[in-house]
Structures are given as structure tokens and as C-alpha cells.
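Read top to bottom, the protein sequences are chains A and B. Residues -12 to 399 in my numbering are what the first sequence lists, from first letter to last. Residues -12 to 399 in my numbering are what the second sequence lists, from first letter to last.
A couple of the hints might just be wrong.
[As the list claims (entries may be wrong)] Computed footprint of chain B on chain A, listed as stretches where at least three residues anywhere in the stretch have a Cβ under 8 Å from a Cβ of chain B: (1) -4 to 2; (2) 20 to 29; (3) 54 to 61; (4) 85 to 98.
[Unchecked claim] Residues of chain A placed beyond 12 Å of chain B at every Cβ, according to the derived structure: (5) D74; (6) A195; (7) A213; (8) L222; (9) E226; (10) A274; (11) T362; (12) N385.
Think of the hints as simulated: they come from the structure by calculation, not from any bench. Glycine included, C-beta positions come from ideal geometry on N, C-alpha and C.
Protein chains: 2
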Amino acid sequence: MAVGTELLLGQVVDTNSSWIGEHLASLGIDSYYQTKVGDNLERIRATLETAVARSDFVVVCGGLGPTPDDITRDALAAVMGVDLRRDAELADRIAQKFWRRGRSMPGNNLRQADVPEGAAVIPIFPGTAPGLVCPVGEAVVYAVPGVPWEMKEMMTGWISADMRRRAGDASVIQSRTLRTWGESEGGLAEQLNGVMERLDASGRATLAFLASGMEGLKVRLTAKAATAAEAAAILDEEEQAVRTVIAEQLIFGTDDETMESAVLDLCRRSGLTLATAESLTGGMIAARLVAVPGAGDVFRGSLVTYAAETKRHLLGVPDGPVVSEEAVRAMAAGACEQLGADCSLAVTGVAGPAPADGEEPGTVWMATSVDGEVTAHRQVFPFDRERTRQFTTIGILNQLRLRLLARAEAAR
Amino acid sequence: MAVGTELLLGQVVDTNSSWIGEHLASLGIDSYYQTKVGDNLERIRATLETAVARSDFVVVCGGLGPTPDDITRDALAAVMGVDLRRDAELADRIAQKFWRRGRSMPGNNLRQADVPEGAAVIPIFPGTAPGLVCPVGEAVVYAVPGVPWEMKEMMTGWISADMRRRAGDASVIQSRTLRTWGESEGGLAEQLNGVMERLDASGRATLAFLASGMEGLKVRLTAKAATAAEAAAILDEEEQAVRTVIAEQLIFGTDDETMESAVLDLCRRSGLTLATAESLTGGMIAARLVAVPGAGDVFRGSLVTYAAETKRHLLGVPDGPVVSEEAVRAMAAGACEQLGADCSLAVTGVAGPAPADGEEPGTVWMATSVDGEVTAHRQVFPFDRERTRQFTTIGILNQLRLRLLARAEAAR
Chain A
-12 MAVGTELLLG QVVDTNSSWI GEHLASLGID SYYQTKVGDN LERIRATLET AVARSDFVVV
48 CGGLGPTPDD ITRDALAAVM GVDLRRDAEL ADRIAQKFWR RGRSMPGNNL RQADVPEGAA
108 VIPIFPGTAP GLVCPVGEAV VYAVPGVPWE MKEMMTGWIS ADMRRRAGDA SVIQSRTLRT
168 WGESEGGLAE QLNGVMERLD ASGRATLAFL ASGMEGLKVR LTAKAATAAE AAAILDEEEQ
228 AVRTVIAEQL IFGTDDETME SAVLDLCRRS GLTLATAESL TGGMIAARLV AVPGAGDVFR
288 GSLVTYAAET KRHLLGVPDG PVVSEEAVRA MAAGACEQLG ADCSLAVTGV AGPAPADGEE
348 PGTVWMATSV DGEVTAHRQV FPFDRERTRQ FTTIGILNQL RLRLLARAEA AR
Chain B
-12 MAVGTELLLG QVVDTNSSWI GEHLASLGID SYYQTKVGDN LERIRATLET AVARSDFVVV
48 CGGLGPTPDD ITRDALAAVM GVDLRRDAEL ADRIAQKFWR RGRSMPGNNL RQADVPEGAA
108 VIPIFPGTAP GLVCPVGEAV VYAVPGVPWE MKEMMTGWIS ADMRRRAGDA SVIQSRTLRT
168 WGESEGGLAE QLNGVMERLD ASGRATLAFL ASGMEGLKVR LTAKAATAAE AAAILDEEEQ
228 AVRTVIAEQL IFGTDDETME SAVLDLCRRS GLTLATAESL TGGMIAARLV AVPGAGDVFR
288 GSLVTYAAET KRHLLGVPDG PVVSEEAVRA MAAGACEQLG ADCSLAVTGV AGPAPADGEE
348 PGTVWMATSV DGEVTAHRQV FPFDRERTRQ FTTIGILNQL RLRLLARAEA AR
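With the sequences and hints as input, model every part of the structure.
Written out as C-alpha cells, the structure reads:
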């Protein structure tokens, strides 16, 4: 259950429920219904009653904040047929959280220490809104904040384990994702047709495609088995089957491995440092790289030269058009030199919506430099501003990855 | 109602319901519940029964395809207590659609011509799955395909008008969002308590808070009125009421205006150019700035100096710790100098998870430079890596915004 009028009005898309459904599936817990309801006491109460009547567990997301429209606590008390009681110890913990950030606590926030009688507070408490565990008849309701990271910490840190404990052993669903770049969804589907038909016939696993923009085109295998070890064995085998069919270099990572981490790992293993020079992407590539923990071993920095003169002054780009092969080559070489790096990538282009430098929107020049050798190429994307940037980011990182792979191969 | 097991498993996020909710709001039709259910006949039937018992109109999205797991038609017939009947004319139209695209029709697709007795076919029929209008007691169920563009054409092209016709004249709902930074949700709620109580009593509009990370803390007013002009007039008035109560400088934008666009606009109006020097944020601030169309007028670029030596070499950061006041001041000054900008912002800190440079994770030094004068301050965030970056990004942009506002004020 997701609570919030903004969800019904379409002002916020409910991604929390999707995440929770995926998480529950990985635990082997079937998710049968997901309902959104507005900030209305009577309708939250009615929805809770329907939910506890048909499910063993209910996760309610949102409406636990300090403001008067946060009424999930009240609805829970109503369904349980009890009163709210202020938990003095909890009030103290909430006040301390404000104090530690050097902020004074508005009186409102004490509402968050109100707990329905008979309910317990979820031990994991990452933000300022505590979560609740409420027994209702045979069912258990978990109330968590709508703030995604707080909800996720509570789910993975405590609720999952509590559900499994209460449910006894359930069967396990596991997925494995192979992340690819360089082939279309239709092309991959054609190559993997035989594998998919065999899986369909045997029912031992399923295979699905998921186009995920800058995260790559994902090939996801899902297996259900009595134990985690059995599911993992099926996935190992089927992963091998997929890898035998499609070209090895299309796959840049599995599960949560990003293109950025693949590139950083390759650099690290070869003892190479990395720099970037970005115009079109404006720092997006660097920001993706530093989001990987431990990036500092490899990544030196980025020169985001958005204005033409900064390209010339900092990177030695010669006079002439700045969306050109000459410019992008100078940028890649300049990045290595200025930032003291062994390899680099560089990007310059026209994000749009208007043409620039005599080039159409979507025109991008990309270059990589490895061991002082620069290669460059031009691509024209048929996308909007944001997607042009994103596809450029994963595209140029993939080119560098392929060069680093070839280099490691040659060194063997 | 959205039908599809992939929605419950989190493999696809249900954006159809969000779109439908927003569309209905614009027509003045209240959307009270949105439910997702899997491809299971009994559960679709039960969900439909709950839905028609509590609503005048129900839109069911998905499960109208040709494959055996498409069973929305069967569930509708069950709820209506009738049989499915193959509609010969409809079968003909479906076959023609294939024929016109030069494709042969798989036999399966004839299932899409099955219509519950007493139901009608929706006249708008853009894809290959026809939509249905099913009377169930006092309620009307509209069944539409899950393919977003087909669903949208049916909604805007026929269903909206049919609903309005059946409902009599309905009213219009409009929203306006004030984006704020610098005060907690509880603090704002306390200040706006009087406004909210007055709105609650009069019922002319509602006010809600929405913590949206790097997008700010949003204050959203929603008004319902007979006409769009009336709703806008209420919003104008209540926006003024909110602005009278909370400090003017907390509000950085309305609706889709971001902190980045606010800063770029202030620079543009004062004829100032902008540069950034980023360590902790690794280019995130620059990437947010260049995502605003027209940023190139103002934004010169960014020096993403992730490695310590690059800070010293490119920005003149002196020997000593690089997470320090001295370092961040040198970075802000160096960014203006190297990138030829009038003002700048600079960030250095410890993203975590490990401590660095003798500082705890979450420790951030931020500086802004305006007219050659640098101000700096230190903040410790209790967040993870990614959130520390995001809060640093909006926080430092907001500081620059406040300095630029003060500068413009002084110049008047």
C-alpha cells in the first residue's frame, strides 16, 4: 500500500511499490496486490482492512511524516481498534536526531513518536520517521516512510528477515542480470531464441530483456527453487548458456555492476589512471565514475570545458569548430596531460534543441586515449538533450572498455 | 486498476496509472484508489468487484492482448455474470489491421474479438487490442490495453468525454508547487499551520509537503473549481498567502523550476558567468547546470579535481589537507581564474564510507566566490555517499543563490 494523494494525482510515480515487489520476489514471497490511496483517513482505513483480510503481510509506505496530512498512524490505530500513545523513549530518539544535525526540532515532529497501542517500533531507524510493526488479527502490517532510502533500509535491514521468520521457510526466487551494450533488443532476442524456447519448455527459469538507458540493455534470468543454492546453480548454468550464444564483449557486467565500474576495474587491474574531458555531457561521466566506491584509486578528475574558450585555454583545442574530430582529439590528449592520467575519454557535441557550430542537434564527437594513442569517432543521436547525453556517456565508456580489454588481451 | 504480474514483480513500473490519475484530475474527476494485480483470474475478479463497489468509474489497464495470460476479458465477464461472445465484425477489423500492415494474423489474436455480453467496444481503436466499456451495476468499467500510447489515445479520444457525459459537468483540479530549501518539513508545517487550518475549514484548496531530495522540499497547493480560470485565481491567492507567511528567500522556484535554473537566471540577469570546482560531487553540480537549456550563456565549465594533486596543480590548493577551509577557498578562487568566470562554487569533502584526510564521512567544505570575495562553511551530513553528494549539490547552489539575491538587492 502506498499512501499519498500526490501518487493518485500522478505528481509522483510510485516506484517504492515496484522496488518492494521486486525485493519480496527475491525472498520467495508472493506479492499479490499493490494499492495506492490518498491522504484520507477513511479510505486509508478501508484499504488497510481489505489488505489485512487477504494477505499475511502488508507493507504500508508513506504518511508517517510530522505534518497533519500524515495520518497513516491514525488509520492503523483505527484498524487495530486502539489508541495512539506517545512513546517517550522514541520522542527522545527523534529529538536527538535533530540535535546531532545541529537543528532545533519543530514541535510537530513529536507526532512521529505516536505509536498505536500494541504496535512496536521497527529497530532500523535511518531517517527521522520511525517505522511500525502492527499486528492486526492474523496479519502483520509494516508501516514504513515514503522516502525511498529510508524505506529500503528498513526493508532490507529488518523487515525481510522478520517476514521470513514469521513465514517459515519459503521457496526462493533469484535473478541474475547480464548487462549488455552494443546490440539491439531485437537482435539479442533473435540470438537467444533457442535458449528461451528451451527454458519455456522446461520451466526451470525465465529470460527477459529490459532496456535500461544508461544502465545498458539487461538480459535477466530468473529461477525459483527450494533453496538459494539450487536457484543459484540453475542461474549459473543458464548464464553459461547465454554466454555461449552471445558475443562475450557485449556483456559488460552482471547484476549491479555498471559500465563505470567495469571501466574502473579494467584500469585498476592494468595499473592505469583515468581522466575525462567533457563538454556535451557537462560532468555526467565524471559524476557516474565517482559514484563508484573506491573510484579515487583510478580516477584523477575531469575538465568540464563547456565554453569554447575554456577548451582552448585548458585543453589546447586549436582554433576552429569545437564540435569536430580535431577538437575532440585535442581534448582527450589535453585531459591526460592536465590531469596526469594514463588514459582518458573526451566528448564534445550538440545537445540541442538548436544546431550549433554548423552541426545538427544530436551530433557527438567522442575520443579515447590509451597509451598516448587517440582514436575518435562521430555519432548522430536521434534523441532529446538528456537521452543524447546518457547514450553518449555509456557509449564512450564502452569504447574505452573495449580498448582496455584488447590491451589486456594483447599483454597476456 | 493495472493488470500484470510484471508490475507486481517490479520489472515494469506502472506509469499508466499515474498518467490516468493526472488526466482525471485535470477533468475534475477524483481518483481515490489505484490497484495493481497480477495475471490471475480470481484476483483480477476480486479486485474488479472491490473497485465497482466503491467507485462510479473504473479504468482497467492491461491483460487485453492475444496470449493466454491475457485474461481481463474473462474476469470482466465473470464480474458481469455473462459469457464471452465472439464479435464477428470486431474479428474482421482486427484481421484487417494485420492485413494493412502486411502481416499475417496469428490465430491467437481472434481472442481479442471476444466481448462480454452486454459490453460495447470503445470506438477509438488505435492498436490491435480493442478496448471495452462494461456496465456493472451502477458502475462503468473501461478496459484499455496496457500499451501506453494505445491507452492514452483511448482515454483522451473517447473515455474522458464519455465519463464527463455520464457524470454531468465536473470541475477542474489544478496544482501549483512552491519549491523551497533551508527549512525542514516540520518547520514549514508549523509556520503554515494557520493557512492549512483556514484551507481545511473552507475546503477551497489543499496544501501538502513533498520532500524531494535534490529537487527541494515542495509545498503544493491544489484547488478544485468549476473552471480552469477559477482554479488559477484560487491558486494565485493562496500562493500569496503562503508567501506572506514563510520567508521569501526559502522559495527558489515554482512548479518545474529547479535550483540550477534559479542560479543560472540570477547570473544571467546580473550579467555574471559561473564556474565550479568539484571534488566530492565529481561533476554532479556541473551536469545539473548544463541540463538546463541555455546554460551555455552563463556556465563556463567545471574543474573536477578528484585526486589531491590535481587540486594543487590546476587550482592552486596549497599543501596540507584537501578537506579544509583553506583548500575549498583556493578551489573557489582557482575556478574563477582558470575558467574565466565572475562567480564560482567549490566543494570538497569525504563521501565515505571510510574517513579520509582526518575527517569523518559526510564532512563537506563548501565555498562560493562572488565579485572575488570567497565565503566558506563546513557541514557534516549523516547520509550515505549518494545522498551526501545530492544534499551538497542543492545546498551549495542555494548558498550561491542567496548571495546573488543579496547582491541584486544591494544594486537596486
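Tested hints:
no., hint, result
1, -4 to 2, "holds (count 7)"
2, 20 to 29, "holds (count 8)"
3, 54 to 61, "holds (count 3)"
4, 85 to 98, "holds (count 8)"
5, D74, "holds (17 Å)"
6, A195, "violated (7 Å)"
7, A213, "holds (20 Å)"
8, L222, "holds (16 Å)"
9, E226, "holds (18 Å)"
10, A274, "violated (4 Å)"
11, T362, "holds (23 Å)"
12, N385, "holds (19 Å)"
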